[in-house]
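Student: Use the sequences and the hints to build the structure in full.
Heads up: the protein sequence lines correspond to chains A and B, in order. Using this note's numbering, the first residue of the first sequence is number 1, and each one after it goes up by one. Using this note's numbering, the first residue of the second sequence is number 1, and each one after it goes up by one.
The set of hints was computed from the structure by calculation and includes no laboratory data. Beta carbons are placed, not taken as given, at the ideal position from N, Cα and C, and that holds for glycine. Any given hint might turn out to be false.
Derived coverage of chain A by chain B (criterion: at least 3 residues anywhere in the stretch with Cβ under 8 angstroms from a Cβ of chain B; other residues may be distant) [what the hints assert, rightly or not]:
1. 37-44
2. 48-57
3. 62-76
4. 138-149
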Amino acid sequence: MNRLLLRNTDSIDPSGSWHPAAGIPSPAGMDRAHTAKVGLRLFLVVVSSLFLLFLIAFIIRAQVPDWQPLTEPLAPLAHTGALWLNTTALIGASIALQWARMAARRGNAQATLAGFALGGVLAIVFLLGQLWVWQRFAAWGYFVSSNPANSFFYLLTGLHGLHLLGGLLAWGRTLGKFLRHAPLARLASSVELCAIYWHYLLGLWLLLFALLTSTPQTYEAIAAFCGLR
Amino acid sequence: MAYAEQVETEALHEPKSFLTRYIWSQDHKVIAIQYSLTAIFVGLIALVLSGLMRMQLGFPGSIEFMDAGAYYQAMTMHGMIMVIYLLTALFLGGFGNYLIPLMVGSRDMVFPYVNMLSYWFYLLSVVILLASFFAPGGPTGAGWTLYPPQSITQGTPGTEWGIVLMLVSLAVFIVAATMGGLNYVTTVLQARTHGMTLMRMPLSVWGIFMASILALLAFPALFVSAVMMLFDKLLGTSFFMPAIISMGQSLEHQGGSPILFQHLFWFFGHPEVYIVALPAFGLVSDLISTHARKNIFGYRMMVWAIVAIGVLSFVVWAHHMYVSGMNPYFGFFFATTTLIIAVPTALKVYNWVLTLWQGDIHLTVPMLFALAFILTFLVGGLTGLFLGNVIVDIPLSDTYFVVAHFHMVMGVAPILVVFGAIYHWYPKITGRMMNERLGKLHFWITFLGTYAIYFPMHYLGFLGMPRRYYAYEDYAFIPQSAQDLNAFITVAALTVGVAQLLFLFNLFWSAFNGKPAGGNPWKATSLEWQTPQTPPVHGNWGAKLPVVHRWAYDYSVPGIEQDFVPQTVSAEDLERMRRGGAETAPMGEQP
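Tutor: As structure tokens, this is what we get:
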């Protein structure tokens with residue numbers, strides 16, 4: 001069985017055809033764009049591993065009695081309006097990049113550029129919004145070391161933001177090429193990679209958002225479910 | 001345009017000047033050499049540190065500056081450098097970089113720029129680490145596991161600067177390892193040449209491939225613990241720090257969980273053992289097969305064993321924590337998984353031995369190291385079975401038995417493979433052979449010497465001699481004979497340490513004065529020995545990529561004069577060789 005399995009994965013030629021010479025499989029995935037996509041997906045697996053471990057640490061630490069939930073009536077996350085606003089911006093960024101990706105497939109350079117630029121700008125809006133939330137936390141006296149719940153809030157939102165910032169570097173480079181009128185065919189791959197990365201970070205943010213604004217009872221239930229209690 | 005034509009005409013990042021050729025190089029071979037030389041350099045520092053520690057243990061008080069603090073600093077830096085900055089970097093960054101593209105028939109790594117960044121981040125992490133020697137208070141003395149709370153509490157050496165530099169250096173190293181790992185895995189998945197199926201890859205590539213996957217998934221755990229500990233140290237959070245009274249003062253922390261750190265650390269730490277061991281398994285398989293002129297026994301089994309060990313290595317971490325006070329049922333689970341992982345591992349040992357069985361064994365220097373590896377790994381592995389059981393581990397855990405065990409299995413065994421592999425691939429890298437006489441001398445001193453060091457330690461462990469102590473005078477339960485043994489071990493350790501100068505001399509001397517090697521001095525089958533030039537030039541393969549027709553282990557094929565069939569030989573060529581061997585064998589010797 002594994003012979004079949006491994007031989008099939010060997011050729012990524014969508015038509016499944018082998019190299020014509022005497023049944024020799026063709027070299028796998030010589031297509032640059034595809035290779036880059038595989039590389040990015042692999043990287044996202046690594047990022048998932050990173051955040052999964054942070055979240056496990058988060059759940060375990062949340063079981064200790066000194067945890068003061070941020071969702072209490074007078075705490076900053078009692079009202080999540082600001083975070084919802086930021087989330088909207090990030091959803092918008094994802095949609096814009098998806099739009100750009102589809103336009104690039106159709107070969108529409110104008111629409112691609114518009115969607116691509118908008119996606120990045122909305123991501124910057126999201127980051128500024130997150131900074132504003134941080135500032136509000138600090139203004140209310142919720143500093144990073146005052147309580148483990150705060151520490152995790154700063155740590156997780158900060159790391160998520162740093163990942164988005166890294167994405168924006170790639171975005172900026174590609175935008176520069178756009179503005180120097182590089183042909184769309186050369187940029188389509190970068191647009192697609194940015195779109196995948198943005199979608200991933202949106203999904204990650206939704207998970208973090210849900211978890212950070214949950215009640216201690218939810219953490220308890222998760223911990224019990226994972227056998228950590 | 002067909003895929004194959006596309007890659008063969010694709011422009012490569014051609015180097016233009018000395019700087020881009022040798023310093024800011026994107027060529028995987030140059031990066032591999034940069035990685036290896038840097039790793040060997042820091043490894044030498046760690047070797048000197050171990051010599052200093054041994055002087056203190058064997059001849060207490062003989063070195064003036066070696067007080068308790070300095071001893072712990074030396075121990076911490078020795079452990080961390082050897083495990084991470086030497087072995088991990090050398091196997092993945094050095095051998096992985098050099099061998100993967102050549103062995104799978106690619107022109108380079110798939111992301112050469114990222115590959116270059118990976119080396120420079122690695123170098124940066126090394127610089128940060130070494131900077132801690134010069135920081136106020138010196139490097140951290142927290143032990144290589146850096147357990148909180150002691151690692152960031154007053155009284156441990158280097159709690160001001162040392163620990164911060166260590167954690168930052170680790171974080172930078174992890175970024176470097178991730179960039180490298182992404183390259184190695186994607187290259188194996190995407191850039192194999194015509195006919196190179198996964199099940200035709202040499203086991204070296206399989207070992208490094210699987211180890212890279214482990215590194216990608218396990219290093220984040222170290223990153224998480226490093227970042228959270230930095231927060232505890234610098235920002236006063238309480239992720240790992242419980243309420244604690246230090247020097248009569250109660251600290252501001254409360255509620256943190258030191259056990260959480262241990263779980264995170266070992267969730268990285270145990271896969272790390274296999275990040276080092278799997279490449280060693282792979283490389284040694286190729287060494288044994290080539291120098292015994294026999295196909296590797298049970299290739300398919302070997303591959304699946306590598307995969308199984310990789311997967312299992314993620315569910316054994318808490319066997320490092322039997323004495324941490326965790327739930328005993330946990331211990332039962334982890335003892336079971338630990339014993340299960342011995343199955344695929346033992347299977348590999350059997351297959352190596354069966355490969356040797358009735359082989360045409362050439363006792364070359366690489367082969368000597370490979371044989372020594374099997375023996376050493378067996379010894380270290382067997383003591384691992386002892387320590388994997390909770391009830392045996394608890395009395396032995398804090399003794400020299402553990403020191404002996406992990407130095408055998410994780411120190412000596414992989415380093416023997418490193419030496420064997422360097423002697424084996426050196427002719428490809430430089431075009432010249434290393435001196436064999438010096439190599440054999442180096443081998444015998446290292447091999448016998450390491451046994452003189454670590455065998456007695458098992459005995460000291462049974463005697464109850466605790467590890468982590470800086471001095472053993474005036475303990476009623478440690479007899480004078482143990483002191484004598486300690487002095488003996490120190491003499492052996494210094495001898496082995498000094499003997500590595502032979503290797504270093506050989507390494508640099510042979511690069512200029514060694515015997516010219518030719519393209520394939522060991523008559524090996526795998527692709528890296530079939531390059532048009534030796535050392536391989538930029539782009540590796542000339543105008544056309546090689547085409548692979550068979551696995552990497554066609555040694556001593558019946559009916560063929562020549563005792564190896566390279567992977568590039570097609571079925572028709574083989575038939576021609578079988579019929580007459582007119583091109584290969586001299587006239588008159590035809591069957």
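Student: Could you tell me which of the numbered hints above are not met by this structure, giving the numbers in increasing order?
Tutor: none
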